[in-house]
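A.B. asks: The listed protein sequences derive, respectively, from chains A and B.
Heads up, the first sequence is in the numbering used here, so the first residue is 1 and it goes up one at a time.
Heads up, the second sequence is in the numbering used here, so the first residue is 1001 and it goes up one at a time.
Honestly, I wouldn't trust all of these hints.
What the hints assert, rightly or not - On the chain A side, residues computed to face chain B include the following (Cβ under 10 Å):
1) Asp216
2) Val220
3) Gly398
4) Met470
5) Ile474
6) Asp684
7) Arg690
As the list claims (entries may be wrong) - To spell it out: a stretch of chain A is covered by chain B in this simulated footprint if at least three of its residues, at any positions, have a beta carbon under 8 Å from a beta carbon of chain B; those stretches are:
8) 165-175
9) 235-242
10) 422-430
11) 653-662
It is worth saying that the hints were derived from the structure and are not from the lab.
Even for Gly, the Cβ is constructed at its ideal location relative to N, Cα and C.
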Amino acid sequence: MDIRTIDRDRRRFLKISAAIAGGLLVGVYLPGCDKAADVLPKKGKTQGHTFAPNAWIRIGRDDTVTLSVHHSEMGQGIMTALPMLVAEELEVDWSQVRTEFAPAAPVYKNPAFKAQMTGGSTSIRTSWEDLRQAGAVARELLIGAAVKTWGVPSSECCAIRGSVVHHSSGRRLSYGELVDRAANLPMPKDVRLKEPSEFKIIGKPMHRLDTSTKVDGSAVFGIDVQMPGLLVATVVHPPVFGAKVMSFDASKAKAVPGVRHVLAIGRGIAVVADTFWQAKKGAEALQVKWGGGKNDDLNSEIIWKHWAELARQKGDVVRNDGNAEEAVVKAAKTLRAVYEVPYQAHATPEPMNCTAHVYKGGCDVWVPTQSQDTTQETAARITGLDYEAVHVHTTFLGGGFGRRIEGDYVAEAVQISKAVKAPVKVIWTREEDIQHDFYRPATYNVFLAGLDSNGWPTAWSHRIVSPAIMDRLIPQFLPSMLPQWIPRPLKNLSAWLAGALVPRFKTDEKATQGAAEMPYAIENVRVEYIKDDPGIPTGFWRSVYHSQNAFAVESFIDEIAASAGSDPYELRRELLRKAPRLRALLDLAADKAGWRQKLPKGIHRGIAVHDYQDTAVAQVAEVSVDPMGKVSVHRVVCAVDCGIVVNPKIVEAQMESAIAFGLTATLKSAVAIRKGRVEQSNFDGFPLLRIDEMPKVEVHIVPSTNPPSGIGETGVPPIAPAITNAVFAATGKRIRKLPIRPDNLRSIS
Amino acid sequence: MLTLRVNGTIHKLEVDPSTPLLWVLREQLGLTGVKFSCGIGECGACTVHVDGKPTLSYVTPVGDVSGKDVTTIERLKGPLSDALRHAWIEEDVPQCGYCQPGQIMSAAALLESKPRPSEADIDAAMSGVLCRCGTYPAIRRAIHRASREV
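Please model the entire structure based on the sequences and the hints provided.
C.D. replies: And the structure:
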């Protein structure tokens, strides 16, 4: 039995927090209402009383059960998985569950970031205990209310499907009938959480709760927000990174029918109109002189060349086992290889957008965001308002992948609304979206391996050159991580100081993630990092640095196997002898893929395995390469170990999703820099994977009793190397630059 | 003044006829199920039906559809559409969901012309609608399911 004591001081289980943050205010928080009482239902229009035992649950007298979802739904299924945790312990029927997005409030901060944020595949991992406890506390209060009503011992009562039942008498009261009494009971001291063997919802392929609105067009994404008097704006940004507006002529833009305002904001110029099409026409008619940047001559070749130079020097040592330098000198054979991994755009299907309404004493923001705290901080900084006066309404996200953790488009909406004194929806064009992203950092990797006379690796040296995302993000996130009472000037000062100091630290530990923990048992290992920022904005991109590092590491280990004439699966197996969990996973993938069986003519296999923050994924890809060098991926067998599975159907969907996402970056698209700007601008130059290019995906989940780790990003890292290793098996050509260029694989001219 | 028949209702609109149908649907008629994503006819998120045929509403000037029947996801009705929606729910197809109206509009047109589509038929009919979340295998399953159940 698992008895846990609830810390009575913990904010999240106090009823008061429910009144302020329990979801009561979502969707009804109107301009000018600054007290909870102002927005509670009035005049008996709805039920007079609602039982909200904590920040995640609201039960009405009519038996409706509404669960607050404090993470953003961007496709990863969190709007289904989090309610599953609560519903399991609350003992309600899945069909009874309704959901709503939580507002921005301290109670909803993600412990992984100390800010209300969705990212890093952390949502389930950080909610696993808390949300089950939230459900259990509410259940115990409801049982307590029935016990009081009937005057029977609690041991004779239990909660079943939204009711409390008294066994011997057969009496039953629904949760709705118990809410009034339950609301006045003291919090229970101890609650018992279920053992996995008792789960009725967790571990089952429950249907997603957001599907019905996504198949009839009624789901509201940020871009769909509508309200009376809403103006629509689009923003043009300096095409060259680091440039600014020198001067602009708005006369032609203002002559476009419907255009109301043209104003310089932040980095760019906003055109505000009655409709998006008018704003876009206005933006096209703008005459702008950009200048002042230092990047006019920057291009990708210059960056790679500079990094090749830098990589001749030693870097910051982030791992040093044995003495790799000496072991390489003594080795019978050495292998050297350079891997170049390009910048990548997020290309979320819903372009960046945000709706803001700044008014006297407050600000409402409707936004598809991964970070309610960044949104709130951004709006508070611009308006000078307290956090409490900035109301964040999270919509569905048309893709996130890390892009929507940023606040740049929020800042624009708030600035424009403040200036034009009206609610404003900012919508970027696709071109602005692709060209003004915070890109996955490009990385330059130099490997050196020493092999003994049997081909066995004795030394592994990996030197990485790349920009550091956190140099920009730490200063940006810091103010929302500080306690709320810290005054605005101090918050701003902290961000400024962090901006000045953080880049002076040589190492961004994220940059070597997945490379520093390289799992293979090689006696001498050295991993180094050299930080360099060419001036291209970088940010989190589904799995952060793991996709780049997994591609490099899993390719080079394949090179070692090929050099020794070893089977790439068998060599990995041998080298994973000290990592039994990864080895078992690799075995599962190889076994399910039929690794030792012969393949049809023309089909070749590649394998890769990677651990992303405790979730390990192994993939075997089957590809063919035609004479023109075109790579087709036919089948991917994917084994995943993510601890206890909350919803197996969502895990499968996320593996398919990650594979599709990674395939675009492997086979099709990358961001290149030309004259200081991004060369690509839309899906013609940055094509995404199509349905006819999607392989068959088979997902195998490892049964586990470990607490759940994340799933959203974890399938991305191994796919590129699984594909390129298969291409090597097919053609003998090693892919050391992504994406794969068919020209380099052509067997006929 | 332009006359437009959308979802069975006739609208008389003051609008520049070169305006993309997409923005008239979204901003003037409040039909936000149809989505903006690329603006150049590359991704299919803006797919609606014009006289029953899948049409990219961003690259279709509203003036071109005057007098034609426009149907959006909000009013896609009938046994075939019901079967499609049901299949989409049963297979839990949508992830972020943004492209799904375009996917469903395309799938409906496919099943209308080919009630028992092959894998190649699905590739041909659906490859114009991009899904960044990679719901493609689920879309395939859902189309086959709807085809069986309609």
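A.B. asks: So, for every hint listed, does it hold in this structure?
C.D. replies: The hints, checked one at a time:
1. Asp216: holds (6 Å)
2. Val220: holds (8 Å)
3. Gly398: holds (3 Å)
4. Met470: Violated, because the Cβ-Cβ distance from Met470/A to chain B comes to roughly 26 Å (cut-off 10 Å).
5. Ile474: violated (28 Å)
6. Asp684: holds (6 Å)
7. Arg690: holds (5 Å)
8. 165-175: violated (count 0)
9. 235-242: violated (count 0)
10. 422-430: n = 3 at 8 Å, threshold three: holds.
11. 653-662: Holds, because 7 residues of the region 653-662 of chain A bring their Cβ atoms closer than 8 Å to Cβ atoms of chain B.
In the structure shown, a violation is registered for the earlier hints numbered 4, 5, 8 and 9, in ascending order.
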